[in-house]
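Colleague: What follows is the residue order along each chain.
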Amino acid sequence: MSTSRVGGLLRSRELAVAVVLLLVVALATWNSDSFLLSSDGWRNLLVTPSLLLLLAVGQTVVIITRNVDLSVGSVLGLTAYLTGRLFTDNPGIPVVVVFLAGIAMGALLGLVNGVLVAFGKVPALVITLGTLYVYRGIFLSWAGSDRINASDMPSSFLSLGTSSVLGIPLLTVLAVVVLVVVGHHLRTTRSGRELYAIGSDPDAARLYGLPVTRRVLTAFVVSGALAGLAGVVYAARYGTVSSGAGLSIELQAVGAAVIGGVAIFGGSGTVWGAAIGAFLLVTINRALPVVGISDFWQQAVVGALILAAIVLDRVLARRQERRLVAEQTSVRLDAPPPPGTPPASSSSSRKAHA
Amino acid sequence: MSATLSRTPAQAPARTYPAYSRPLWQRALLTREFAIIALLGVVWFYSVAEVPNFDGPLTLYYLLLDIIPILLIALPMTMVIITGEIDLSVASVVGLSSVLVGVLHQDAGLSIPVAGLVAIVVGALCGALNGFLVSYVGLPSLAVTIGTLALYRGIAVGLLGTTAVTDFPEKWTDLATLRIVEGGSIPWVVLPFLVLLGLFVWLLHFSGFGRGVYETGLNDEAARFTGVDVARTKFWLFVLAGAVSAFAGIYFTLRYGSARGDNATGLELQVIAAVLLGACPSSAAAAPCTASSPAWS
Chain A
1 MSTSRVGGLL RSRELAVAVV LLLVVALATW NSDSFLLSSD GWRNLLVTPS LLLLLAVGQT
61 VVIITRNVDL SVGSVLGLTA YLTGRLFTDN PGIPVVVVFL AGIAMGALLG LVNGVLVAFG
121 KVPALVITLG TLYVYRGIFL SWAGSDRINA SDMPSSFLSL GTSSVLGIPL LTVLAVVVLV
181 VVGHHLRTTR SGRELYAIGS DPDAARLYGL PVTRRVLTAF VVSGALAGLA GVVYAARYGT
241 VSSGAGLSIE LQAVGAAVIG GVAIFGGSGT VWGAAIGAFL LVTINRALPV VGISDFWQQA
301 VVGALILAAI VLDRVLARRQ ERRLVAEQTS VRLDAPPPPG TPPASSSSSR KAHA
Chain B
1001 MSATLSRTPA QAPARTYPAY SRPLWQRALL TREFAIIALL GVVWFYSVAE VPNFDGPLTL
1061 YYLLLDIIPI LLIALPMTMV IITGEIDLSV ASVVGLSSVL VGVLHQDAGL SIPVAGLVAI
1121 VVGALCGALN GFLVSYVGLP SLAVTIGTLA LYRGIAVGLL GTTAVTDFPE KWTDLATLRI
1181 VEGGSIPWVV LPFLVLLGLF VWLLHFSGFG RGVYETGLND EAARFTGVDV ARTKFWLFVL
1241 AGAVSAFAGI YFTLRYGSAR GDNATGLELQ VIAAVLLGAC PSSAAAAPCT ASSPAWS
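Residue numbers (our numbering), protein chains in the order written: chain A, 1 to 354; chain B, 1001 to 1297.
The reader is advised that the hints may include incorrect statements.
Claimed, not checked - Here are some chain A residues the structure puts well away from chain B; computed CB gaps all over 12 Å:
no.: 1; residue: SER34
no.: 2; residue: ASP89
no.: 3; residue: ALA101
no.: 4; residue: ARG147
no.: 5; residue: ASP152
no.: 6; residue: LEU174
no.: 7; residue: THR240
no.: 8; residue: SER330
Claimed, not checked - Now the stretches of chain B that chain A is said to cover, found in silico as 3 or more residues with beta-carbon under 8 Å:
no.: 9; segment: 1025 to 1031
no.: 10; segment: 1099 to 1108
no.: 11; segment: 1265 to 1275
Rather than coming from a laboratory, the hints here were simulated on the basis of the structure.
Glycine included, each C-beta is placed from N, C-alpha and C at the ideal position.
Excised from the complex, chain A in its bound form (with noise of 0.2 Å):
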């Protein structure tokens, strides 16, 4: 029992991708100290990635359940936006305060999505790609060519953006607490398990009675409360917010999921998995130009690594399958002969050995 269980760990997916994100830092660092060990470099290595680690654990959420949601980019914005606006508009509102109303925005925003998907009966990409226009859209009547600055916020609530606790920035434990909370829910809770049934094989789990059209409709309540939350982080990491923010974010969202072994058709994959796979693409983005290559050739690289990630997955699935198949003939094979069968058959039996 306990050996299959460190093989499988050794196996796993998560392990994999966070080797080779170790790889990535340890490669930078050796060609030059300040990647890691200066307090700047530290600080960012951690921080940066918290946003799309947000991001990539609301994904994971939604994809599990066979779904997608394309427009986490457009509802960061938005409710950065509306942080921003809080600030300016209520002098003195407490920081707990917009920290919820991004949340619950964001929340909303994804209820929209949901409501449509499990009740329109209409694909997760199309009603998502439609909103993440939508939103962009709202975003941008809402905010013109108006710009949040840092100047519009409060110091209070821009060092959250710096602060840090024990040598962790505190976006960083914020990041972590979350995908902690929500990878437990999926692990051990029914809930949880009941996304992945759903995903395997939505009408099986229909059928058995599962309630599908609520646990999707939550899922995207979920992914929406945390593209909510990246955006107050949004805020207050930058400073500033223009009507660019979260653009195209959500391909890197899906991305990050993929990478951490997030299976595109859902039934399976970790949060785990996905909060790795964001710290490596954000990783490589910076630890490229440490290394020597232009930073123009970063995006290359993501694609190649997203394109070896599933084919690494492909492969092992495959070798996973032959093994087990594998197993399962010798099992049989091996097995006395039921009373009355020719002794041909054991016959066979050696000759699979052989």
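Once you've looked at the hints, dock chain B against the given chain A.
Modeller: Same frame as chain A, now just chain B:
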């Protein structure tokens, strides 16, 4: 089996075809295409009423110039989506082909037609990589083309950085914006689009290949049993998407007179939106798809 055979035709329940039992005008009006065209008409008339000079000849001219890349790429994308796959990498192929035309023209000194030809071949190869990974390795196209979206765009940006190639011969940049009638509102490039539209309509609706495309989308297992080479069908659709995107990339370059790595960023979502809006709810892939052309304006 024998029971079915012995039954006389008279005993068989008369099959009705709900779609064809309605009168012709209903069949013509209650279609998705008609709804989209009507919507387009409403938007058009509203704009003419509210926006100054919207009905001027220049508006239509620039509108057509701007939507040509979307119209072009929507053709193969429609077929890709009908088979239940998706290609998110098309805009990156546009960017890559744009950069290739620029670099080959400026640094290698190739003439525009030769550079363009190379770009189309490279675009087809990009599509072939997508197609190979999707059809023969069996990977989900959403994941594959998110990867190649970044890869192809990354190569384009890597080749040129933030610089742009802008010294194209005027002969060719003028060709991209040439009008059919001097001072008229229809650009010349509408003609190659119409030719391609005709080819794709024939391919999708009047050829065995197109039947295979629909069958694949409805049920690829069943399609395989009826003799459709599903993998090869999908492979060639991705190749087509790559080649057409590269052609759109050449147009894009000449139209704006500038080859840049970030040309046409985000165009893939517009193309997909146009296709989905106009024709193909991607689950029920049986809708006729010629209407993807008027969907975007």
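Colleague: Please confirm whether SER34/A is truly not at the interface, meaning its C-beta sits more than 12 Å away from all C-beta atoms of chain B.
Modeller: At roughly 25 Å from the nearest Cβ of chain B, SER34/A sits farther out than 12 Å, so the non-interface label holds.
Colleague: Okay, the segment 1099 to 1108 of chain B and chain A, do three or more residues pass the C-beta test at under 8 Å?
Modeller: violated (count 0)
Colleague: Would you say SER330/A is clear of chain B, with no C-beta pair closer than or equal to 12 Å?
Modeller: holds, 26 Å
Colleague: Beyond 12 Å from every Cβ of chain B: is that where the Cβ of ASP152/A lies?
Modeller: holds, 28 Å
Colleague: Verify that the Cβ of ASP89/A lies farther than 12 Å from every Cβ atom of chain B, and report whether the claim holds or is violated.
Modeller: ASP89/A is indeed farther than 12 Å from all Cβ atoms of chain B, at 31 Å.
Colleague: Please check whether the beta-carbon of ALA101/A is more than 12 Å away from every beta-carbon in chain B.
Modeller: holds, 28 Å
Colleague: Would you say THR240/A is clear of chain B, with no C-beta pair closer than or equal to 12 Å?
Modeller: holds, 21 Å
Colleague: Taking the shortest Cβ-to-Cβ distance between ARG147/A and chain B, state whether it exceeds 12 Å.
Modeller: The assertion about ARG147/A holds, with a minimum of 21 Å to chain B.
Colleague: Going by Cβ atoms, does LEU174/A stay more than 12 Å from chain B at every point?
Modeller: holds, 27 Å
Colleague: If you count the residues of the segment 1025 to 1031 of chain B with a beta-carbon closer than 8 Å to a beta-carbon of chain A, do you get 3 or more?
Modeller: violated (count 0)
Colleague: With a C-beta cutoff of 8 Å, work out whether three or more residues of the segment 1265 to 1275 of chain B approach chain A closely enough for the coverage to hold.
Modeller: holds (count 5)
Against the hints set out earlier in the document, violations occur for numbers 9 and 10.
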